[in-house]
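Next come the chains, spelled out residue by residue.
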Amino acid sequence: SQTIHQWPATLVQPVGSPLSLECTVEGTSNPNLYWYRQAAGRGLQLLFYSVGIGQISSEVPQNLSASRPQDRQFILSSKKLLLSDSGFYLCAWSLHNSGYTFGSGTRLTVV
Amino acid sequence: AQSVTQLGSHVSVSEGALVLLRCNYSSSVPPYLFWYVQYPNQGLQLLLKYTTGATLVKGINGFEAEFKKSETSFHLTKPSAHMSDAAEYFCAVSDRAPIRGGSQGNLIFGKGTKLSVKP
Chain W
689 SQTIHQWPAT LVQPVGSPLS LECTVEGTSN PNLYWYRQAA GRGLQLLFYS VGIGQISSEV
749 PQNLSASRPQ DRQFILSSKK LLLSDSGFYL CAWSLHNSGY TFGSGTRLTV V
Chain Y
3 AQSVTQLGSH VSVSEGALVL LRCNYSSSVP PYLFWYVQYP NQGLQLLLKY TTGATLVKGI
63 NGFEAEFKKS ETSFHLTKPS AHMSDAAEYF CAVSDRAPIR GGSQGNLIFG KGTKLSVKP
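Residue numbers (this note's numbering), protein chains in the order written: chain W, 689 to 799; chain Y, 3 to 121.
These are calculated hints, taken from the structure and not from any lab test.
Note that the coordinates shown come from a computational prediction; the quantities given were computed from them, not determined experimentally.
Each hint should be verified, as a subset may be incorrect.
[Said to hold, decoys possible] Residues on chain W that point at chain Y, a partial pick, calculated with CB under 8 Å: (1) 732; (2) 734; (3) 737; (4) 788; (5) 790; (6) 792.
Using N, Cα and C, we set each Cβ at its ideal position, and we do this for glycine too.
Make a model of the complete structure from these sequences and hints.
This is the structure in C-alpha cells:
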C-alpha cells in the first residue's frame, strides 16, 4: 500500500536560518507531488508541485524553493527563513484521479 | 480558472443534529470535486470525491455529498453529528480533467469550515 512520510513533525527555527523539510512516498511510481502551506485563517496555499524528477512548478513567489532529486522524494528548502514563513506545511501526492494523499504535516515556527 | 467557495468559516451543531457544510465551485470544464477533513495538527484525509456517474456520493464516517451542476454546488451532509466529527473540512475542485494515462490536475481548495459539535 502507498504511504507518505513527512518530517519533522515540529520545528522551531530562528529568523535567517536555513530550512529543509523532507517528504517521501512509498508504494507508488511517478506520482505528482505537492507542497502546501496552511496559515491561520488563510486556508491551504499551494507552494510547489512536481510531475517528475527535477520538474518543479512554483505557484507563488516566495522565500522558499523545492527539489525532487528522486521519483518519490520531495524537499522544501529555504536559505534564510523569515517570520512570515511560519505555518503548517503539508506534503501530498496524487496519481490519476484518486485524490490527494497528505502527509501528517510539519508545524514550523520561525522565531 | 477554477475556484471554490465555502460558506461559513465556522459551523456549530448539537450532537445528533444534521450537519450541512456548503461548497460552491466555479469551473469551465466538468469538475472533479472532493471533500477533505483535517483534525488538529494532522494532515488532510479524503472523505469523499465526485468524478463521474452518480451525483450522490457516499464517503467515510457517514458523510455524503451531492453534486448539483445547476447550482454549481457540492454540499457535505451527515444526518447525525457525533462529537468526533469536530474538525476542519475542506472542499476542493480539480483544475483540469485527468488526461489518459496521466495524473489528475492540481486541486484548488476552499478556505475551510471549522465544525464544532456541542454535547
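Review point. Is the hint on residue 734(W) kept, meaning its closest Cβ partner in chain Y is under 8 Å away?
Key: holds, 7 Å
Exercise for review: With chain Y as the partner, please determine if residue 788(W) meets the hint condition of a C-beta pair closer than 8 Å.
Suggested key: holds, 6 Å
Check your understanding: Does residue 732(W) pass the interface hint, meaning its C-beta sits closer than 8 Å to a C-beta of chain Y?
Key -> At about 4 Å, which falls below the 8 Å cut-off, the nearest Cβ of chain Y leaves the hint on residue 732(W) intact, so it holds.
Practice item. Verify the interface restraint on residue 792(W): the C-beta must sit less than 8 Å from at least one C-beta of chain Y. Key: Interface hint status for residue 792(W): holds (5 Å vs cutoff 8 Å).
Review point. Against chain Y, is residue 790(W) within 8 Å by beta-carbon distance?
Key: This interface hint holds because 4 Å falls under the 8 Å limit.
Point to revise | Interface hint outcome for residue 737(W) [beta carbon to chain Y under 8 Å] | key: Holds, because the Cβ-Cβ distance from residue 737(W) to chain Y comes to roughly 6 Å (cut-off 8 Å).
Checked against the numbered hints given earlier, this structure breaks none of them.
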